[in-house]
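Visitor: The listed protein sequences derive, respectively, from chains A and B. First residue of the first sequence: 1, per the working numbering; consecutive thereafter. First residue of the second sequence: 1001, per the working numbering; consecutive thereafter.
Hints listed in this document are in silico derivations from the structure and should not be mistaken for laboratory results. For clarity, every value in this text was computed on a predicted model and none was experimentally measured. Note that the Cβ used here is the ideal one computed from N, Cα and C, for glycine as well. You may find that some hints are simply not true.
So the derived label-pair ranges between C-beta atoms look like this [what the hints assert, rightly or not]:
{"id": "1", "chain 1": "A", "residue 1": "Ser41", "chain 2": "B", "residue 2": "Leu1027", "range": "19 to 29 Å"}
{"id": "2", "chain 1": "A", "residue 1": "Lys3", "chain 2": "B", "residue 2": "Asn1026", "range": "32 to 42 Å"}
{"id": "3", "chain 1": "B", "residue 1": "Lys1070", "chain 2": "A", "residue 2": "Ala13", "range": "25 to 35 Å"}
{"id": "4", "chain 1": "A", "residue 1": "Pro8", "chain 2": "B", "residue 2": "Ile1060", "range": "20 to 30 Å"}
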Amino acid sequence: DAKTTQPPSMDCAEGRAANLPCNHSTISGNEYVYWYRQIHSQGPQYIIHGLKNNETNEMASLIITEDRKSSTLILPHATLRDTAVYYCIVRVWTNDYKLSFGAGTTVTVRA
Amino acid sequence: DGGITQSPKYLFRKEGQNVTLSCEQNLNHDAMYWYRQDPGQGLRLIYYSQIVNDFQKGDIAEGYSVSREKKESFPLTVTSAQKNPTAFYLCASSNQGYNEQFFGPGTRLTVL
Chain A
1 DAKTTQPPSM DCAEGRAANL PCNHSTISGN EYVYWYRQIH SQGPQYIIHG
51 LKNNETNEMA SLIITEDRKS STLILPHATL RDTAVYYCIV RVWTNDYKLS
101 FGAGTTVTVR A
Chain B
1001 DGGITQSPKY LFRKEGQNVT LSCEQNLNHD AMYWYRQDPG QGLRLIYYSQ
1051 IVNDFQKGDI AEGYSVSREK KESFPLTVTS AQKNPTAFYL CASSNQGYNE
1101 QFFGPGTRLT VL
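Please put together the full structure from these sequences, using the hints given.
Guide: So this is what it looks like as structure tokens:
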């Protein structure tokens, strides 16, 4: 699976959009981009995934660049409960069962 | 409610003792996983199972053992051979490998 690079931390004001970047310059054509988050001392939670088109669900939006070498997770209206570690993962859409979690980005939403 | 349960939330053991962590799911998922997380680090895969009575080693299987006798259960045993067992252990399940994984609340193991 391709390696990802994320900033170690970022702050966001409550009510504002949080834009979380992820670089995956070695991504191959059959690898998807997944985002999970982990609130302190809890299990990770799936957020969203995509291949090349932008995706949106009730939690977030995922914007993938045209060359697919980077992506941005957008939390449209951050709340204090969005404070968590966010993980960007790329993996092949097959029966490969592995998720490779890096260190992620620690997002702190401030009132 | 459907979900994954792990028990206990906190577990203390003396060095040299084997300990078994419980993981149960009622989501009817075929695949189950065990991860380990150390402070400030990401998750690392210990073992995973795609179907009952079958499982594969992950990236850090040494010192651990698992069984999958029932679809809903995937217990993890931390043996005395695991040199640094103190960690946060997370169990997950999914409906086939490429779908999203659902995680349990985790068990924090401390070996004294």
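Visitor: Each hint needs a verdict: does it hold in this structure or not?
Guide: To see whether the hints hold, each was checked on the structure:
no.	hint	result
1	A/Ser41 / B/Leu1027: 19 to 29 Å	holds (22 Å)
2	A/Lys3 / B/Asn1026: 32 to 42 Å	holds (35 Å)
3	B/Lys1070 / A/Ala13: 25 to 35 Å	violated (48 Å)
4	A/Pro8 / B/Ile1060: 20 to 30 Å	holds (23 Å)
Of the numbered hints given earlier, the model fails hint 3 alone.
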